[in-house]
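Chain order of the listed sequences is S and B.
Note that our numbering has the first sequence beginning at 1, numbered continuously upward.
Note that our numbering has the second sequence beginning at 1, numbered continuously upward.
Hints are all accurate, no fakes.
Under 7 Å between C-beta atoms, here's a sample of chain S residues computed to sit facing chain B:
| id | residue |
| --- | --- |
| 1 | T227 |
| 2 | L228 |
| 3 | K230 |
| 4 | A231 |
| 5 | R233 |
| 6 | V234 |
| 7 | L235 |
| 8 | G236 |
| 9 | P249 |
| 10 | W326 |
| 11 | E328 |
No lab work stands behind these hints, which were simulated from the structure alone.
Even glycine gets a Cβ: it sits at the ideal position worked out from N, Cα and C.
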Amino acid sequence: MDIYKAAAGGKNGDGAQKRVKIFHTVFYPQMDLNLRPGANSDRANVRRITGDGGLKAQPQGCKKAGGNYMNTKKKNRPFWSQIPNGAWMGLSLVLAVLLWIFIASTESGGVVFAEPWEVFSKLVGKVKDGTLWPHIYVSLFRVIAGFSLGFVISIPIAFLMGWYAPFRNLVAPWVQFVRNIPPLAYIPLVITGAGVGEKAKVIVIFIASFLVLVVTIYQGVCNVDATLIKAARVLGATDKDIFFKVVIPASTPFILVGARLGLSASLTTLVAAELTGASKGLGMMIQKAQGYYDMATVLLGILIIGIIGMLMEQLVKFLERKLTGWQETVQ
Amino acid sequence: MAGNGAVKVKIDKVEKIYSGRNGDMVALNGVSLDIMENEFICVVGPSGCGKSTLLNVIAGLLEPTSGAVYVDGKEVTGPGPERGVVFQQYALFPWLTVLKNVQFGLKLQGVGEAESKETAMKYLKMVDLEQFADSYPKELSGGMKQRVAIARAYAVNPQVLLMDEPFGALDAQTRTQLQSELIKTWQDQKKTCFFITHDVEEAVILATKVIIMSARPGRVKKIVDIDLPYPRTQEMKMEMRFLDLKSYIWGEVYQEYLEVRK
Chain S
1 MDIYKAAAGG KNGDGAQKRV KIFHTVFYPQ MDLNLRPGAN SDRANVRRIT GDGGLKAQPQ
61 GCKKAGGNYM NTKKKNRPFW SQIPNGAWMG LSLVLAVLLW IFIASTESGG VVFAEPWEVF
121 SKLVGKVKDG TLWPHIYVSL FRVIAGFSLG FVISIPIAFL MGWYAPFRNL VAPWVQFVRN
181 IPPLAYIPLV ITGAGVGEKA KVIVIFIASF LVLVVTIYQG VCNVDATLIK AARVLGATDK
241 DIFFKVVIPA STPFILVGAR LGLSASLTTL VAAELTGASK GLGMMIQKAQ GYYDMATVLL
301 GILIIGIIGM LMEQLVKFLE RKLTGWQETV Q
Chain B
1 MAGNGAVKVK IDKVEKIYSG RNGDMVALNG VSLDIMENEF ICVVGPSGCG KSTLLNVIAG
61 LLEPTSGAVY VDGKEVTGPG PERGVVFQQY ALFPWLTVLK NVQFGLKLQG VGEAESKETA
121 MKYLKMVDLE QFADSYPKEL SGGMKQRVAI ARAYAVNPQV LLMDEPFGAL DAQTRTQLQS
181 ELIKTWQDQK KTCFFITHDV EEAVILATKV IIMSARPGRV KKIVDIDLPY PRTQEMKMEM
241 RFLDLKSYIW GEVYQEYLEV RK
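Generate the whole structure from the sequences, applying the supplied hints.
Here it is as structure tokens:
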């Protein structure tokens, strides 16, 4: 209250003015430091971080500074932190194969796991007689067709859900409902409706990827920063501009996450989809091999599906780096 | 000293009531104010006094419950390019480079690539960031981001510039520096400015007129003419007249703050 009185009475007399002056010299003694012409904190910061004044150099500059700092307390740094990522990958692979060899060599494990070289010779045999490629090709086609359909249809649906409350209120419960049903459960319906041809498989994969995509992209649309929409609006953006120039780019990270999850859902549904009766396909190859008790072929199919999944994930990650590199990341 | 007598923005008995679950909340209770052309208005007041609501109503982002805002005699019914806004949270589009951010509004108005680029570069130069034209917002500091936002608002050449605590999230040094830059920019290219701040010192150094708003429900409590001469410098902050004005306004705001506490 005292300070307040002194300040509020500043207009009234010399005594009060003096008090105000004292108040200021007490509270702002370094004010003139801020007033130096060179006290440009922004530029000073950048120069300090980058060393050479160029912003491009910032990431390396930061990394280097961090590295030097770490080096000064070397004993706290575990030895494995110096192993490069590629080496970890190789190590992980070698360990997996060793584990596989070990399990295959045990009595009970050997029944399930064919030995790696057995699987490898199956691979060579199937590549030589040309029976493997059609399986891969057909399965890939189904995954890509089902996923692409899901991708293309989920985007407008998710945006509509985020944009128009009536649509969201009607459709969201359906999505929630279907999402928890395993694809195997509705396969009979699909077969009855679409027969046992390609259509049925694509539909099953479509449903699986569509649901994942819709939920993820819808989250993205809901998370668009309202201030960005305001900022666009005051710059003269129409609803259409806001949709194409703000909402879509702002949701891109979520669309890509959706794509990654959707692709993985597509692959996991593949085998179920091919249960609907198929003559070709990796799922079918696995099914058929089971009948002959041919575990090497089963493993081969599993390995190929897994590798396709990892490659697709890498592809989407590559796209993420290309398309959403602008995001602020927490390191 | 500022303005040539013409009323640029007329705020006429604006009332804004938010209805919520806990009943109605009166944010603005009949605010009337005439803003002259090229005036620099700073609005101060305790938190929750409706400063931002008022800005949003002028911007056309919020509809008043009753009353109206007129710009050049024309009633505001929505956002328009003649009113630029700078937000506290910068609101830069993170997927666009600095240059493309500044070009954004121009392109919406149908200005071609080459011409909008040239204009954008001119305003980036004004805020001293032309060397960062191809950087993304994430590569900039808070102060730099806000300078881009100011350049973006200026680029579409609005007649009225609305600023909602633009320096509120910045450190004291950057804040002081941006204040000086803003004063200079405003002097070079006169615009009608409506600037919201918590910081009384900031209000006095920037404004030609300070509006003190009362605690909820928001009303205009007092209008204080700032008769400090131009060009304004940071050194003025040590002068007696500045300190007088500052402590007077600070006292008025503090009184409102005590009202809120009660």
